[in-house]
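Protein chains: 4
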Amino acid sequence: MKRKIPVGILGATGMVGQNYLILLRDHPLFEVAYLAASERSAGRSYAEAVEGRWRMGEPVPEGAAGLPVYPVGEIEGALKSCRLLFSAFSTGKEETRLIERTYAAAGLPVVSNNSAHRLTDNVPILMPEVNPDHLDIIPEQRKREGWSRGCLVTKPNCGVQSYVLPLHALRAAGFVVKEVITTNLQALSGAGYPGQSALDVIDNIVPLPSEEEKAFCEPQKIFGALTGDRIEPEDSLRISSSCLRVPVVHGHTSCVWFAVEGRQPSLEELETALSRFRGVPQELRLPSAPDPVIRFTREDLRPQPRLDRDGGRGMAVSLGRLQRSPVLGYRFTALSHNTVRGAAGGAILTAELLEAKGYL
Amino acid sequence: MKRKIPVGILGATGMVGQNYLILLRDHPLFEVAYLAASERSAGRSYAEAVEGRWRMGEPVPEGAAGLPVYPVGEIEGALKSCRLLFSAFSTGKEETRLIERTYAAAGLPVVSNNSAHRLTDNVPILMPEVNPDHLDIIPEQRKREGWSRGCLVTKPNCGVQSYVLPLHALRAAGFVVKEVITTNLQALSGAGYPGQSALDVIDNIVPLPSEEEKAFCEPQKIFGALTGDRIEPEDSLRISSSCLRVPVVHGHTSCVWFAVEGRQPSLEELETALSRFRGVPQELRLPSAPDPVIRFTREDLRPQPRLDRDGGRGMAVSLGRLQRSPVLGYRFTALSHNTVRGAAGGAILTAELLEAKGYL
Amino acid sequence: MKRKIPVGILGATGMVGQNYLILLRDHPLFEVAYLAASERSAGRSYAEAVEGRWRMGEPVPEGAAGLPVYPVGEIEGALKSCRLLFSAFSTGKEETRLIERTYAAAGLPVVSNNSAHRLTDNVPILMPEVNPDHLDIIPEQRKREGWSRGCLVTKPNCGVQSYVLPLHALRAAGFVVKEVITTNLQALSGAGYPGQSALDVIDNIVPLPSEEEKAFCEPQKIFGALTGDRIEPEDSLRISSSCLRVPVVHGHTSCVWFAVEGRQPSLEELETALSRFRGVPQELRLPSAPDPVIRFTREDLRPQPRLDRDGGRGMAVSLGRLQRSPVLGYRFTALSHNTVRGAAGGAILTAELLEAKGYL
Amino acid sequence: MKRKIPVGILGATGMVGQNYLILLRDHPLFEVAYLAASERSAGRSYAEAVEGRWRMGEPVPEGAAGLPVYPVGEIEGALKSCRLLFSAFSTGKEETRLIERTYAAAGLPVVSNNSAHRLTDNVPILMPEVNPDHLDIIPEQRKREGWSRGCLVTKPNCGVQSYVLPLHALRAAGFVVKEVITTNLQALSGAGYPGQSALDVIDNIVPLPSEEEKAFCEPQKIFGALTGDRIEPEDSLRISSSCLRVPVVHGHTSCVWFAVEGRQPSLEELETALSRFRGVPQELRLPSAPDPVIRFTREDLRPQPRLDRDGGRGMAVSLGRLQRSPVLGYRFTALSHNTVRGAAGGAILTAELLEAKGYL
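Protein chains in written order, with our numbering: chain Z, 56 to 415; chain Y, 56 to 415; chain L, 56 to 415; chain X, 56 to 415.
Hints are not guaranteed to be accurate.
It does not matter which identical chain is meant; a pair holds if it fits inside one copy or across any two.
[As the list claims (entries may be wrong)] With a straight-line Cα cutoff of 25 Å, these simulated DMTMM-like cross-link-like pairs (lysine to aspartate or glutamate) come out:
1. LYS233 <-> GLU316
2. LYS148 <-> GLU94
3. LYS148 <-> ASP81
4. LYS148 <-> GLU323
5. LYS269 <-> GLU354
6. LYS148 <-> ASP355
7. LYS269 <-> ASP355
Read the hints as simulated data drawn from the structure, not as lab findings.
All chains, please: the whole structure from these sequences, using the hints.
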């Protein structure tokens, strides 16, 4: 039996960190060996550090309960005990960038949930099914930054997964999609804990203007081109998104309209493109890769967050209501699990791809 | 003091009927004098008929508690006691049409909340601020149908109010708007009681495909032209709408994108057109007409259903987040109270307009 | 026409403060003349200070929008402009006590929503229908504290209103009630804004242990005896309460069991005692006094927060499901509006009583 | 490898039926071999029958998708294909009794989720950890009814699990508990689909009077004595329960007060009794038996439905907030999963016990 790769988690006591521990329990490739959190938690065992704050529906995994919690920024223990870091430690943008670069410079590949480096020109925003080739920037990144074994990869905002993956499937099938409108109905766990006030979402929904910029910037970069040591965003892709917080625990829903340039394909053609799409993670049979990655349905009343978010163990996108539209041409509704595919799970799949490509 | 006009309510024991009673208590023009409901309720006093089913936040109005409930379809009492009927009695489409026509033929103007007659070519879907001139079809309607004093007017589906009114304000200011995309987040009371299952909307939202056709057909007719004895829908108006049920008690929210043909106006111009719009009900100072009818806000986190639905005593549309969009050109978010403006209140305003125009 | 009494509000920009402004608009006795809040808001007009934070369903009352906001602790302006202060400024307990005493010492009667002084032995926790006689401590309070015209009165925690009032009605009718068990299902607005995390109450309810001590301490003092210059709690009253936060916007619900000593009365006797109860505010016809103050119902499915909280304009207690119980003997369910009767409205009624008794 | 026992499900297309299929997928003892539902579904494959109605968060198990659906009441296929029936077919009480007796008479052991037979004197309400000895009535049942191999066992209402199990643990440890008060906050799935109206539980909670009788009758029988061919309820146990529907998807919460006769034990003694309790299913290591069956916590803010309902794969009771109470003496809060332990899961555990005791 192959030995597992030891991994670490920055921000291990927060909600995303807790989710990593659940998803990495019994993972075939990785095992959790290093945990770091804020000074407040450091120096205690993990079980002590999360007492009264553990918010998963199952207990702290046994292997993690006794691990010591290091302060974020501590390097020596990390280097000794792990070979890859998941970064879910959220603090000021500048400080986050510095922390992540410090670990990368010290020799550790870092897969980050934070937005801090997403728009850094030589750091990819990776969706393993969409832009796996963006990992090819790593040698350039190491050269420019002077890093030997470390590197830095981010995953996108949880809000864009539901529509970027289907749009990619359509583009991969040859349909030129440049204009997109979406309404993103975002779940509560997207804001962490405590996050949104209960008064905002009982008998109410609230606008989320701060999410709306990410909704087009990140896809432009994900669909961008790797040129030399930087990723050029695809500016010709135009996305307008209205984001609202809705009283759903997990599962972001997107109502999507899009135009196809040139010949207007039939709905059957689009359905085929969506339901048959397979990406590199599916080809490589990566442990966390769902197959199919787009669960297509013709049922009228689907997708629904509570019934569909766990599809593909939370890693698939559920897509339905594909129709023609008198404006732009087509529309569908899609949803994905924001804390699995959209956070810890998406980052784990990225780490699996890094391993498969030999970057660990 | 002028004597009030006696009015009747078909379907008086249902939720819309109950809402009529609350809104008509102390109305300056109308007083409730006739109540009709299904056979099950008929023959009892109103207070008895709604015992255990009254769902308003305040008690049964005193004047109504002792009124007898007639069976729907009973004509004689209606003719004797009232001069206008609000129809909120919901049954099969064919039967509803027959019932409403029977009362109209007997000489009573009928303002209907039902969808049954909305697409009948000589029956207007009236929004008093938008197409008050469609009432001019009444003489033609009476002629074709052979009715003397009765007539038939409908109000639109509760889901279209939030965007039809602002679109009209823009068109009235000279902006040619022909392409519209909306996501309609509909409140629970739109489905009546019991309506939606709680399991559909706790930690969940559900598609409402049945609402999506109304979302473009009704606006096309509202914006249509009166030609001879029929209303021609404006087919060149293209609206695509995605409708979902959200766990909000009252207040439908629409995220709206739209294109303006020709010169692209500034946001200030659009804001002016929206915030200064006044319609015939405002000019005539009709008792239920809100002024302003569009409550424009620049606040980032508004509109919100719980905070804004009661604006203008539930009769105004709250509109915010007006922005440019890289697709179609512009967008905003609007909301209106679905059981006030969108049901009983909208019908009462229509009745006030009928009275002002001399049709009672 | 009598001139209105000018009043002030400490903590005017918070949710309770906003509620005061709504409830005092068009009040027949009082008019708002002085507003104070934290340093952050001070120096601006009220409209500016609450921009983006106003959370009432109707706009800022016109009279208040232009008032200047003073910093809490400012005395001179308060003395000049008002004759009574409502204190809803929440900060550390010690500091709150000091602030309230400072205003009282300067000559202003203070009615406080804060818990800081509730257990101070010469400060009453007043429920106008229950212990109006506790106001008789004011002369003693002034003597001991050396205050001339100022005084200090508190209102109880919002969680105890639903059951203290009915228990008092029973005791007033001669039934000796000493053992009480309640489950208090508390609404979100009881925690202010932002208050409870949405993740705590979507598809969830959470224990509120911090409320459980107040649930018996405050009633013991409210039912206590005025002896000399202090109020002696009624220790023989035993109340055990389990408190939980539920996803209701406004309206605390209590499931109550109680024992009656001696002869066991019939349900009819208890119903009579509850439904006929009238207190001093009802006798004096104080402007905010609901009549009846206990709205008794025999309907099986009532009370319900959304349908009943606004009873008596939010000032009444709705009570139903009165039954015999095989344990303790009897039970009922009661609810009251926690931000009206339970906060600003209850304090306003107390102020009306102070005025009627000549303490202003 | 031992061959699995083929089992059948009456009412297989409803929500409880769907839950059985999920819980029995990969069950070590049982495999689903027979499905029956109403006439509407009969004659189709299971996958066809539930199309558009499947409400589980994961797909129809492969083994079940192709099974034919028989009409409830069909005997021959049942006898041929299975050796035990789970009955979740809900119709009129009389008819349900007849259906269940018909299958039992034909030779099949029936474990029922229905209330129809719960108060039949020779049919046990079984909670495997509490009254496993009540299965000893089966020989008497067979004798009186003239059944050879069939028998009839029910499981209790989902609302009583949370407190009956802890009360039993206390009684098993020698504490005499005869007086109990509970508030039961019941989840939505307890009412099936569509069940409760969304308007009842958004910004609201509603009384559930119909559940309150079950709350004491069923525990009296569960704690009753087997005498000859009938079970005598324990009348001296007095339970008063207030039941309300709350907007929680799964997980019933009970706030419980109880008196202990005689010496008043310390909280530590009670904690020990609760946390160490093991019943026959734990001793026999039945496949669905959770261990521990009572998950005791000292955390202040627990139990919470969303975080604790899945404890012990939905089969454990989570219990916390154990405290002294000035009334009755003690109190705690407990919760259990109403569709797992409280419905399909509890019945499966009962079937496992039947098998272990040789009744299949």
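* Asked: From the Cα coordinates, with 25 Å as the cut-off, is the pair LYS148 and ASP355 best called within, between, both, or neither?
  -> This pair counts as between: shortest inter-copy Cα distance 23 Å, intra-copy 42 Å.
* Measure nothing new, just compare the shortest in-copy and cross-copy C-alpha distances for LYS233 and GLU316 to 25 Å and report within, between, both or neither. => both (8 Å within a copy, 21 Å between copies)
* Asked: Given a CA cutoff of 25 Å, do LYS148 and ASP81 count as a within-copy pair, a between-copy pair, both, or neither?
  -> For LYS148 and ASP81, the Cα distance exceeds 25 Å both inside one copy (33 Å) and across copies (48 Å).
* To do: Measure nothing new, just compare the shortest in-copy and cross-copy C-alpha distances for LYS269 and ASP355 to 25 Å and report within, between, both or neither.
  => between (30 Å within a copy, 17 Å between copies)
* Status of GLU354 relative to LYS269 across identical chains (alpha carbons, at most 25 Å) -> between (30 Å within a copy, 20 Å between copies)
* For LYS148 vs GLU323, is the C-alpha pair at or below 25 Å within one copy, between two copies, both, or neither? -> Classified as neither: same-chain Cα gap 45 Å, cross-chain 34 Å, threshold 25 Å.
* Asked: Taking 25 Å as the upper bound on the Cα-Cα distance, should LYS148 and GLU94 be classified as within, between, both, or neither?
  -> Classified as within: same-chain Cα gap 18 Å, cross-chain 29 Å, threshold 25 Å.
In summary, the numbered hints that this structure violates are 3 and 4.
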